[in-house]
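Enquirer: Chains as they are written, first to last, in UniProt numbering: chain A, 1 to 281; chain B, 1 to 281.
Don't read these hints as lab results, they were simulated from the structure.
Heads up, some of the hints might be wrong.
A pair holds if it fits inside one copy or across any two, identical chains being indistinguishable in the list.
What the hints assert, rightly or not - Computed cross-link-like contacts, DSSO-like style, restricted to lysine-lysine with a CA-CA straight-line distance of at most 30 angstroms:
(1) LYS115 <-> LYS98
(2) LYS30 <-> LYS115
(3) LYS238 <-> LYS29
(4) LYS115 <-> LYS34
(5) LYS178 <-> LYS194
(6) LYS29 <-> LYS102
(7) LYS29 <-> LYS194
(8) LYS29 <-> LYS197
(9) LYS197 <-> LYS238
(10) LYS81 <-> LYS115
(11) LYS98 <-> LYS178
(12) LYS81 <-> LYS194
(13) LYS34 <-> LYS81
(14) LYS197 <-> LYS115
(15) LYS102 <-> LYS30
2 protein chains.
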Amino acid sequence: MTAHPLHLPSGTVDLDAIPTDATPGFSGKKSDGKAQLFALGPELADLQERLFAEGRATGSHRRVLLVLQGMDTSGKGGTLKHTVGLVDPQGVRISSFKAPTKEELAHDFLWRIRKALPQAGYVGVFDRSHYEDVLIARVNELAAPEEIERRYDAINEFERELVEDGTVVLKCMLHISKDTQRERLLARLDNPEKYWKYEPGDLDSRARWDDYRAAYAVALERTHTEHAPWHVVPSDRKWFRNLAVGQLLLAALRGMDLGWPPADFDVDAERARLLAEDASA
Amino acid sequence: MTAHPLHLPSGTVDLDAIPTDATPGFSGKKSDGKAQLFALGPELADLQERLFAEGRATGSHRRVLLVLQGMDTSGKGGTLKHTVGLVDPQGVRISSFKAPTKEELAHDFLWRIRKALPQAGYVGVFDRSHYEDVLIARVNELAAPEEIERRYDAINEFERELVEDGTVVLKCMLHISKDTQRERLLARLDNPEKYWKYEPGDLDSRARWDDYRAAYAVALERTHTEHAPWHVVPSDRKWFRNLAVGQLLLAALRGMDLGWPPADFDVDAERARLLAEDASA
């Protein structure tokens, strides 16, 4: 995956230098992009089924964890629907993280995250994640600066643990412009079928746009590791965002070199049993 | 839903009298059936999104619980993939029930079931369910007869509670013939990509086919209630099974009369705030 054009370069992160409306690695138009995503479906579904089969039939712990982060309206839900929706829902576990409950706050920030990890063989998706604990937590001062500092390291250790246990951690930041957010928020206000997606509190986060940008930059920089790198996905164009995440997910699955689990029973003996049983019936 | 041709009639249940290869209510062929299922997709997805929106934006507890039961190879997984796969995976929660763990056995049989119930606004799917506790439990004498007796009533009470709390409980028994099961088991043994789906223990259950049939008949009869009726879905033809469950799910959602939640904020004021903020920026 390191060759992917959306792989974040190492070093200081300057989000303003990364265009939100570009289509890196893709030269076609919207209709081509949509067709190309759709065309990924069969291979994505096949590889996901192999992963699921492996988890069921072997002792392997392998699994995929797709982490989606981004500002409100960046399209975490839409990405999920259009990319993860291409595979069998049985092998997918989606977790949406909202403001922590009182019980969750009484534990370390990773407690609720660990509870939501996908089982072996699954594609887990985090719609928001442990990164909120260094993003909103930093912007709104929900934790002391030393605690936020500690968390970057804790996240890296946690993700290293996951990777060592056989998890492919695919982290995507859906990158939109402030103008795109305004358009999308207005669209929610203009369409009664979208009112439910709007929350007045979204404007409070929007008012802190630059602070969030800064918090993201630090978070990406501190947690962009060899074992769990970040991808910044230009997301002003929904179709490109979906295609890019679909391609990243496909690359992650391809990289796992997934076969079909061999039989852990004697195939011929089972066949004979089945046929004999029916002959005697 | 009571008018649906797959709605189990009241009274004594005789599964042998219900054909496994029929296509009740449908006169087309396989290709028509597949096209018709596909055509249900947009309305299913629309209604599921309304339900999800309601769960998110209002205090409503409404949700759907689809219970899939059937012998091995009856196609619980395939049904899920082809019908539930038509809606946004974000609004779906699938729970597969295997043999209970030691911890689960230390509790009442409904303990693990309650923990897996979908949240408000979700379509929950049970791939096997609390019914195993009166099916395999009865056939293999995993519980005393009095306890099995108690469970039928406990299930009815539990499901009534769910319905009163706003859950639509849609129960489907995927009904196949013993011959179809043999063909499908052989197909798993003939194709290395399907070995993982085969377990030698499946033949032990198959050897008790008649006992399972009897256990199903009692279970269906005892738990076929006004509030949570059973549907017996002829499942020898996979395409018909998928179409039938898709239609039942659609009927269930239609019956909920789902709208879009109204705004719980002042739309014009929010629009003004958003525009003013940008004007001053």
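Enquirer: Now, for every hint given, state plainly whether the structure supports it.
Expert: Quick rundown of the hints versus the structure:
no. : hint              : in the structure
1   : LYS115 <-> LYS98  : both (14 angstroms within a copy, 20 angstroms between copies)
2   : LYS30 <-> LYS115  : neither (38 angstroms within a copy, 43 angstroms between copies)
3   : LYS238 <-> LYS29  : within (12 angstroms within a copy, 38 angstroms between copies)
4   : LYS115 <-> LYS34  : neither (35 angstroms within a copy, 39 angstroms between copies)
5   : LYS178 <-> LYS194 : within (20 angstroms within a copy, 49 angstroms between copies)
6   : LYS29 <-> LYS102  : neither (47 angstroms within a copy, 55 angstroms between copies)
7   : LYS29 <-> LYS194  : within (27 angstroms within a copy, 39 angstroms between copies)
8   : LYS29 <-> LYS197  : within (28 angstroms within a copy, 41 angstroms between copies)
9   : LYS197 <-> LYS238 : within (17 angstroms within a copy, 37 angstroms between copies)
10  : LYS81 <-> LYS115  : both (23 angstroms within a copy, 25 angstroms between copies)
11  : LYS98 <-> LYS178  : within (22 angstroms within a copy, 48 angstroms between copies)
12  : LYS81 <-> LYS194  : both (16 angstroms within a copy, 28 angstroms between copies)
13  : LYS34 <-> LYS81   : both (13 angstroms within a copy, 22 angstroms between copies)
14  : LYS197 <-> LYS115 : both (26 angstroms within a copy, 27 angstroms between copies)
15  : LYS102 <-> LYS30  : neither (44 angstroms within a copy, 53 angstroms between copies)
Figure legend: structure checked against the earlier numbered hints; hints not met, in rising order: 2, 4, 6 and 15.
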